[in-house]
Amino acid sequence: MARGYWSGGIVFLIFAVITLFMFISWRKRIPFSTLMLQTTIDVSKTYGHVYLVSWVGGLVSIAFGAWYSITLVAVYVKYEPGLNPACSTNGGGCSTAKVIGLLVFITFAMYWISEWLKNTIHTIICGVYGSWYFFPHNLPKGATTGAFKRAVTYSFGSISFGSLLLAIINALRQACSIAQRSEGAQGNMVGYVAFCVLGCLIDMLNWLAHIFNKYAFAHIALYGKAYIPAAKDTWTMVKDRGIDALAQECLVGPVLSIGSMFVAYTCALLSYLYLVFTQPGYNRDGGYTPVVVAFAFLIGLQIASIVTTPLGSGIDAIFVAMAWNPEALRRDHPDLWARMVSVYPHVQQAIRA
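Residue numbers (this note's numbering): 15 to 367.
It is worth saying that the hints were derived from the structure and are not from the lab.
Watch out, some of these pointers could steer you wrong.
[Unchecked claim] Dumping the calculated EDC-like pairs for lysine to aspartate or glutamate here, alpha-carbon to alpha-carbon at most 20 Å:
id	residue 1	residue 2
1	112	94
2	59	349
3	155	56
4	155	346
[Claimed, not checked] Distance ranges between label pairs, derived from CB positions:
id	residue 1	residue 2	range
5	246	211	26 to 36 Å
6	359	292	54 to 64 Å
7	28	189	15 to 25 Å
8	203	344	51 to 61 Å
Every residue gets a Cβ at the ideal spot worked out from N, C-alpha and C, and that includes glycine.
With the hints as extra help, turn the sequences into a complete structure.
Structure representation (structure tokens):
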């Protein structure tokens, strides 16, 4: 709003009001969420090498984000007419169409690879928590190593396929966002509103796909099934096993998502301040400001999501295991079961136990 971007300012003001309403209405769910978060942290400190997986995955994601950023700038510098002197001397294969095509390709590849990395970490962590859930008194030796081997060999295709679906949705969402900003810059309000509505629908599809996929990958980690059978079992679990009730009561996922969003907004703000104060030559007219800020937001969101994966993955693995084998929880983890019943008595009906 301070810079005169009223449409964006009003939208995010609405988000702030919605967030305040969510806090007021969700306060009663905090005790159950606290118990689940404490449980995952205790397990991660005692069993396996959860934080090592997170640390390595975070480093890889940061390196990949830097590689993507360098590639993005290199495409502009080499193929954008007017930036590369070689374009005016011998053609150099430069054109705006080539720039757009290469950006679409590398952005889609970035989405797919980063989603694969995040889902691989998620599957590894779920495997570790699965070992704790089913064998609490005799944890298999090398639980983390075994989970890693299964994720990058036996389950590699399933993880890649599920990540591809999310990458397609994310690429469509990014394309819709760019088209919306373009229509707004041209003053075409009908097109702007149409792309805004389409973007909301894609966001809803993306949210549903993420929710569905995280349980499907947890199922793959626990039971070793391929993606399609795991997806079918996940749908059955959501309909018949009460996992949706547990997920709605637990706020850890939204908390981690909001934390990742905060990191993404911070990256976007810093990139904007960088463009304002350094005034690079390629952005003299401000034409690339929305693009740079959007990609900074994207990279920050992906890296933060990867780093916070372990805590959310542990809860997802516990929920999936509870849905299919509640008896193991009551038999092998009686203290946890008693505490869950005390803070959320409906858990017995939620998981049909």
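Verification of the supplied hints:
{"no.": "1", "hint": "112 to 94", "result": "holds, 8 Å"}
{"no.": "2", "hint": "59 to 349", "result": "holds, 18 Å"}
{"no.": "3", "hint": "155 to 56", "result": "holds, 19 Å"}
{"no.": "4", "hint": "155 to 346", "result": "holds, 19 Å"}
{"no.": "5", "hint": "246 to 211: 26 to 36 Å", "result": "holds, 32 Å"}
{"no.": "6", "hint": "359 to 292: 54 to 64 Å", "result": "holds, 58 Å"}
{"no.": "7", "hint": "28 to 189: 15 to 25 Å", "result": "holds, 24 Å"}
{"no.": "8", "hint": "203 to 344: 51 to 61 Å", "result": "holds, 58 Å"}
The structure fails none of the hints (numbered hints given earlier).
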